[in-house]
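Use these hints to put chain B onto chain A, whose structure you have.
So you can see what is in the structure, the chains are spelled out below.
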Amino acid sequence: MTSVIGTWLAAFFTLAIFSFLYKDNPFYKVAEHLYVGISAAFWLIYVWSFTVYPLLVKPMIKNGLQGENLLLLIPFIFSIMMLFRLIPNYGWISRWPMAFTVGLGAGLGLTGAIQGILFPQMRATVLDLWLKNNPLGTLNNWLLIVGVITTIFYFFFSQEHKGAFGKIARVGIAFIMISFGASFGFTVMARVSILIGRVGFLLGDWLHLIK
Amino acid sequence: MNKLGKILSNINRQVIYLLVFLVVALPMILGIKAKVTVTEPVRKAYEFIDSLPPGSFILIGIDYGPSTFPEMNPMLYALLRHAFKKNLKVGILALQNAVNIPIGSQVLRAVAKEYGKKYGIDYVNLGYKPGWDAVIVSIGREIRDVFPEDAFGTPLDSLPITRNIHNYDDIALVIDLASGGTWASWIQFAQARFGVPVIIGVTAVMGPESYPYLQSGQIKGLIAGLKGAAEYETLIHHPYLGVRGMPAQSGVHILIILLIFVGNIGYLLQKRSKT
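From first to last, the protein sequence lines are chains A and B. For the first sequence, the working numbering begins at 1 and goes up steadily by one. For the second sequence, the working numbering begins at 1001 and goes up steadily by one.
Here chain A stands alone, though its shape is the one from the complex:
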C-alpha cells in the first residue's frame, strides 16, 4: 500500500513539474514549493544525522572526553566559531575555522592535482609519433600532441595572439571548439537519458504499460 501511494505521489509530482513545459501553473508552483521546503528541512536533518551526530556527538557521549576523543574538541570549537558569522561584530572569529578548512582543502587538492593529474597527464602526452603498421594510431598520437600544444598556446595570454603565434592559437581554438561540441552532445544525451528514466517510470511503474 505504501509503495502504491509513493508511486502515485511521484507520478503526480513528475506530471506537475512537466506541466511547466506548457506554461506556469498552480500544480507546478505546489511541486516547486514543496521541493524547496522539503529540501531545506532534509538538509538540516541530514547534516545533524550524518555528520554532526555520528562524527562528533556520538563519540563524545559513548566514550567521554578522554584520550583520543579530546581531539574532537577542535572541530567542536571550530564549529562554534563558525557560527559567529551570524553576529556582524564578531564575524571575524569565523575566519579562523574557515582558514583551517581552506588550508586543508588546498593542501589535499594541490598534492592530489600534482600527483594524480598533472604528472600522469603530462606523461600521457609523451607519445610515439611513428607507430609501425599502425597509421591510425600514429594519426591519433599526432592529433593528441598537436591538440595539447596548440590549446596551451591559446591559453598563453602574455603575448598578443598575432602572426605565427596567433595562427597556432587559432588551431588551439579549433580543438577547444571540438571539445565543446563533444560536451554539448554528451549533455544532450544525458538530459534525454533522464527524460527516458522519468517516462519509463510513468509508463512502467505507474501505468504498467511497459514491462
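Calculated directly from the structure, the hints in this document are not laboratory data. Remember, predicted model here, so these are calculated numbers, not experimental data.
Here are the simulated DSBU-like cross-link-like pairs (lysine-lysine), alpha carbons at most 35 Å apart as the crow flies:
| id | chain 1 | residue 1 | chain 2 | residue 2 |
| --- | --- | --- | --- | --- |
| 1 | B | K1003 | B | K1271 |
| 2 | A | K58 | B | K1113 |
| 3 | A | K58 | B | K1117 |
| 4 | A | K23 | B | K1274 |
| 5 | B | K1113 | A | K211 |
| 6 | B | K1086 | B | K1033 |
| 7 | A | K23 | B | K1006 |
| 8 | A | K29 | B | K1006 |
| 9 | A | K132 | B | K1044 |
| 10 | A | K211 | B | K1086 |
For chain B alone, coordinates are given in the frame of chain A:
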C-alpha cells in the same frame, strides 16, 4: 518563401516538447529494439572485471543521487550482475551524499537476491562518510579508521567479507559511479598514491572530461551515461534498463538533428527572401 521560412524557424516549443515525449514514449510502449555497439572504454571495463579471480573484493562508490539515477542505476545493475556472476565480493559506500546509499543498497539487495548472495558473506554496505578526499586517503592506511562498522552498526571484524580487508592492498578494484567530483579523487588519491585499479562510471555530461584518464591509463575502463550502461548490459548478455532506453535515445537524437536542419532551412529561406 518568407512565410515558409518563418513557420520553420518559429515552431511552437510545446510542439517540440510533445514530439520529444512521443519519440521517447512510443519505442518503449511498442517494445522497439535498437542495436547497441560496444565501445572500447566500456569493453576495457568489462574485460578488467572479467579478469579478476573469484573471491576478489571490489569496492563500488555510489556517488550519484536521485537526479541522475535514470542514467546511473542501469550501470550499477549491470556491474553487480557481472560481479556476482563472477563470484566477486562487493562492498558499497557513499562519499558524496548519504541519500545515495539507499539508492545503491536497493539495487544491491535486488541483484544479490537474483544470484542468491548473502549479506556479510558476499556483499556489504559500508554506508556514508563525509569528507571524501580524507576518507579515500584513510582507506589506504586502514579501512576501519573511517568505516569501523558497516551501515547497520556491525563491526567490520564481525563480517566474514570484511574480516581480512584492511586497505587498498586487499581491494582488487574500485569502481566509482559518480555524478559529482568523487571520481577524480579516487584517481588522484586511491589510484595515483596507492596504485589500486579504478574504473569509473559517470553521467554522460561528465564523459568528455574523463576520457583523458582512460588514455593515460589511470583508469581501467570508463562507462558514460545510459549508452555506456546499455553497452555493459550487451557485454554481459543481460539487456535491461540501458538497452530498453536506447531506441528512445537514438530517436530523440535524430529528432534534434532534424529540428536543427529545419531551423536552419527556415533561417536560410528567410534570409534569401530578404535579399
